[in-house]
Amino acid sequence: MDTTSIKNLFKLKSIPIETPKEENPKTEFDANTESAEESRKRTYHEAGYRDSSRTNGNHSTLSICLDAVYSKFQNEEKEMVEKQQKLKESYVNEQKNRETEIKALTVSLETKEEQLKNKNTEIENHQNTIETLKAEILDLPRNPEKYSVKATKGASTKFWIGAILLFPISLYLLTFYISTSYSAFFKSFDAKSTVIQSVLDAQAWSKAWNEGAIEGAFVTLIPFVFLGLGFLIHMFNENKTRANYIKLGLLFVVTFIFDSILAYEIESKLYELNKTFDSPPFDLKIAFTKIQFWGIIFAGFIVYIIWGLVFDFVMKEHREKDKIKNEQEIRQKNVLFLLEKINALKKEIEEILGNIGNTKELIIKTRGRIEELQNIIDGVIIPTKDYKLYASEYVQGWVTFIGEKIAVSKSEKQTMIDSCIETYNTNLETVGANTDNQNVVYLSSL
21 MDTTSIKNLF KLKSIPIETP KEENPKTEFD ANTESAEESR KRTYHEAGYR
71 DSSRTNGNHS TLSICLDAVY SKFQNEEKEM VEKQQKLKES YVNEQKNRET
121 EIKALTVSLE TKEEQLKNKN TEIENHQNTI ETLKAEILDL PRNPEKYSVK
171 ATKGASTKFW IGAILLFPIS LYLLTFYIST SYSAFFKSFD AKSTVIQSVL
221 DAQAWSKAWN EGAIEGAFVT LIPFVFLGLG FLIHMFNENK TRANYIKLGL
271 LFVVTFIFDS ILAYEIESKL YELNKTFDSP PFDLKIAFTK IQFWGIIFAG
321 FIVYIIWGLV FDFVMKEHRE KDKIKNEQEI RQKNVLFLLE KINALKKEIE
371 EILGNIGNTK ELIIKTRGRI EELQNIIDGV IIPTKDYKLY ASEYVQGWVT
421 FIGEKIAVSK SEKQTMIDSC IETYNTNLET VGANTDNQNV VYLSSL
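Going letter by letter, the sequence shown gives residues 21 to 466 in the working numbering.
Treat the hints as calculated values from the structure; they're not laboratory data. For each residue, glycine too, the CB sits at the ideal point set by N, CA and C. Careful: at least some of the hints might be erroneous.
Label pairs and their calculated CB-CB ranges [what the hints assert, rightly or not]:
| no. | residue 1 | residue 2 | range |
| --- | --- | --- | --- |
| 1 | Lys380 | Ala88 | 26 to 34 Å |
| 2 | Thr131 | Glu449 | 25 to 33 Å |
| 3 | Thr131 | Lys385 | 14 to 22 Å |
| 4 | Leu356 | Lys385 | 19 to 27 Å |
| 5 | Val101 | Ser429 | 29 to 37 Å |
| 6 | Leu304 | Thr195 | 35 to 43 Å |
| 7 | Asn445 | Thr386 | 35 to 43 Å |
| 8 | Pro300 | Ile181 | 43 to 51 Å |
| 9 | Gly248 | Trp314 | 23 to 31 Å |
| 10 | Asp398 | Ser429 | 25 to 33 Å |
| 11 | Pro300 | Ala233 | 56 to 64 Å |
In silico BS3-like pairs for lysine-lysine, Cα to Cα no more than 25 Å straight-line [unchecked claim]:
| no. | residue 1 | residue 2 |
| --- | --- | --- |
| 12 | Lys385 | Lys366 |
| 13 | Lys139 | Lys405 |
| 14 | Lys137 | Lys116 |
| 15 | Lys116 | Lys366 |
| 16 | Lys367 | Lys132 |
| 17 | Lys289 | Lys267 |
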């Protein structure tokens, strides 16, 4: 209520002075029809009039009297049990809701802490598994059977021995077939040359290329045909089926025939070079009786078979190495997978820790609010709008006396009234009641 309103209200309350000896205003009312609130307002009005008469309307004394009025108002509000219960009802409900919220937050916190414990246990288990896998990776080559890996110990040594043997055997086959193919199909034999010189020519490759690209390509590539046949021995031997055995047998027959053709051509040229008029024509019957014929065949055919068998052995040993290597790679991949999982778990733990911290903070705030609500419930709620109403009635009574009973000039009287109104407003500010918000209450722990 602003100053102008109070002045107007007081102006309306002012009545002419009738009897100087009267201390209280004469107010007529019907006790049967007057409400409790109207009775209380009248009581405050009369108290203001009475106190003003005792102090001649002094505004300085009004300040002290208003403090007493506020204390009286507090005591009256405290005695109004039903009204206090109604005022505190919203705080009681809020407190119950907060307590329910605390229970829910506590359950949530316990759940998160259990999740945190499980995540940490999971990380510890993963780390133990990683250490086990790393130990297995190192131990696998030495003890493959320990990990149910069907691999032969020492496979790496056998592999390298076989690989080393393959190199000179391959060089031998390249040299042998380049020389024999050149001697069989392109070379002109010299009667002065020995058998070895006729069959194995150190310059066969260069001579073939000098005679032409086709001759050079033929003698260069033909050894790879036999190396390919040796590779097929390994391929057919991998799957031990009847069909593969038949193919392997046919392969040996074809290779033997081809080697026989080379031997026959070379032996034929040697025979023609050394025959006489009495010598019969060269044929297979004669060839089969020549040691050089069988020597050429087996110098190529047997070595080619040996190359195929060694190659097959090397590949098997390599497979043994691969078994161990694959098992190692599998474990290494598992290690990487577990490390990624640990990183993901650590991120989840960070998130859970953040949630736990937020939940604990919220629990602390909620408990603090519950304590505040309990203080409100245990204290006395002072409705400011009501105090302002009754305090204004008291001041009206105070000012009414000034207007009716103080015999001073009009200007001095108005000055006294203005001072009282200022004191009234100061009191409202002090107790926190001078606000336009009717829902604001002043809390007291009395």
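Hint check:
1. The beta-carbon spacing between Lys380 and Ala88, approximately 47 Å, falls outside the hinted interval of 26 to 34 Å.
2. Between Thr131 and Glu449 the beta carbon distance is about 50 Å. The supplied range of 25 to 33 Å is therefore violated.
3. For the pair Thr131 and Lys385, the supplied restraint of 14 to 22 Å holds, since their beta-carbon distance comes to about 20 Å.
4. A beta carbon spacing of about 44 Å between Leu356 and Lys385 contradicts the range 19 to 27 Å that was offered as a hint.
5. Between Val101 and Ser429 the beta carbon distance is about 50 Å. The supplied range of 29 to 37 Å is therefore violated.
6. Leu304 and Thr195 have their C-beta atoms about 27 Å apart, which leaves the hinted 35 to 43 Å range violated.
7. Look at Asn445 against Thr386: about 39 Å separates their beta carbons, and that is inside 35 to 43 Å.
8. Checking the proposed 43 to 51 Å range against Pro300 and Ile181 shows it holds: the Cβ atoms sit about 50 Å from each other.
9. The given range of 23 to 31 Å is respected by Gly248 and Trp314, whose C-beta atoms sit roughly 25 Å from each other.
10. Asp398 and Ser429 have their C-beta atoms about 53 Å apart, which leaves the hinted 25 to 33 Å range violated.
11. As the Cβ distance of Pro300 to Ala233 is approximately 39 Å, the hint placing it in 56 to 64 Å is violated.
12. A C-alpha spacing of about 28 Å is found between Lys385 and Lys366, which places the hinted pair above 25 Å, so the restraint is violated.
13. Straight-line distance between C-alpha atoms of Lys139 and Lys405 comes to about 57 Å, which puts the hinted pair past the 25 Å bound.
14. Of the supplied pair hints, the one linking Lys137 and Lys116 is violated, its CA atoms being roughly 32 Å apart against a limit of 25 Å.
15. As the CA atoms of Lys116 and Lys366 are separated by approximately 38 Å, the hinted pair breaks the 25 Å bound.
16. At roughly 14 Å between alpha-carbon atoms, Lys367 and Lys132 fall within 25 Å of each other, so this suggested pair holds.
17. In summary, the hint linking Lys289 to Lys267 is not supported, as the alpha carbons are separated by about 33 Å, beyond the 25 Å threshold.
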